[in-house]
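Chain by chain, the residues:
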Amino acid sequence: MTQEEKKSILRIALYAGEILLKNGGETYRTEETIDTICKSKGLKHVNSFVTPTGIFVSDDRLDGISFIKRIKGRTINLSKISEVNNFARRFVEEDISEKEAILELRKIDKERKYKKSIRTFFTGLASAFFALLFGGGATDFILAFLISIIAIKVNWEIEKLSNTSFLANATSGALISFLALCSKSIGFGTSIDMIIVGSIMPLVPGVALTNGLRDFISGDLIAGTSRVAEAILIAISIAVGVGTVLKLWIHLFGGTF
Amino acid sequence: MLYYKDFIFAFISTVGFSVLFNVPKKSIFYAGLTGGIGWTIYMYTKDITISSTFSVFLASILVGILGEIFARVDKKPVTTFVIPGIVPLVPGYTIYLSMVNLINQDFNTAAKFGTEAVFTSGAISVAIIFVTSVAKIMKR
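Line order of the protein sequences matches chains A and B. Start counting the first sequence at 1; every next residue gets the next number (full-length UniProt numbering). Start counting the second sequence at 1; every next residue gets the next number (full-length UniProt numbering).
Hints in this document: simulated from the structure, not taken from any laboratory. Every clue listed holds true.
Calculated pairs, DMTMM-like style, for lysine to aspartate or glutamate (alpha carbon to alpha carbon, straight line, at most 20 Å):
1) A:K113 with A:E157
2) B:K75 with A:E93
3) A:K115 with A:E159
4) B:K136 with A:E32
5) B:K112 with A:D193
6) B:K75 with A:E32
7) A:K247 with B:D106
8) B:K75 with A:E94
9) A:K113 with B:D74
10) B:K139 with A:E32
Not everything, but these chain B residues come out facing chain A in the computed CB check (under 10 Å):
11) K5
12) G16
13) F21
14) K75
15) T80
16) S121
Predicted model, so just to flag it, every value in this text is computed and none were measured. In this text, a Cβ means the ideal position worked out from N, Cα and C, and glycines have one as well.
In isolation and in its complexed conformation, chain A is listed as follows (with noise of 0.2 Å):
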């Protein structure tokens, strides 16, 4: 094998774990792609170190090359991971050259599976069933499921525009609590807490924290602490954007909650 082949498993072996991580992979399940796909092939003394932010791989038998790869962004797309996996086992049980390898990859990284309609629909169900399940009643869960929409479409859109995922939190956090605040001023809604609960249960990392603890259970010390601590920095985010429209309200038109 000469060592072009070499470095294109390799770089084969890092897409398929950005992929995964980027998507909401563990971080175990990332390693062993990585270190399956190398393997699988001849690549017999590759390590792989996965955090959440970068991805390390290099074979100490290959005259030290190793390749890095900065994670920026993080979400939760389960599809991808599946498929990953599929791609990953084709690769290992079959023949399938490099160039179609990437091709393939990529048409999985590009891939969109629900429109951006669907989606926002399915998240404003979510909250407003969310709502009920705290014990709000049925204006709860219409509000539940305007807001959350809302906030979630300027989530989004703030995303975009913006690296950092505290600008966005802080403003959605902020517009839920004055959405809720407003329609209980007008007589809408019987209490604040439910719809808030609802609205903001698709941004409240809960699910990351429990990945993190998961990472941390299981040996990836530094992946869990990272984690972990982006969890944190979540919740801080929302209840800034929360408890700063809360208090301001107080201050300017008295407790009405």
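Chain A is already provided as a structure; the job is to place chain B on it using the hints.
Just chain B now, kept in the frame of chain A:
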């Protein structure tokens, strides 16, 4: 049949989250089922044992087992069902409450909610890891 309402609400919100998380169309029903059953068991055990953390632990074990079963049935990775399945159980709102109280300088309440959040998500992750480890051993 006291919990049918809980099941329906949790089922639909899990389905909503599944679309947000881009779960493939064919798997959405299974994902919703995982979330709905997990939440129903959580409510039931919470009513009879009072301990919230323990109930979350039991419910997450069930979510993990259902995830393993559906992964075999539907030929998809376990995560596809486990991540949407734990969404209703996960302490998102609790972390948020903890941070709000921290900002309002109510440190006691913040600590109370904060530890509750860590306990809950710790219980979920221990349960999920437990199930995956056992499944891995049994596969061998």
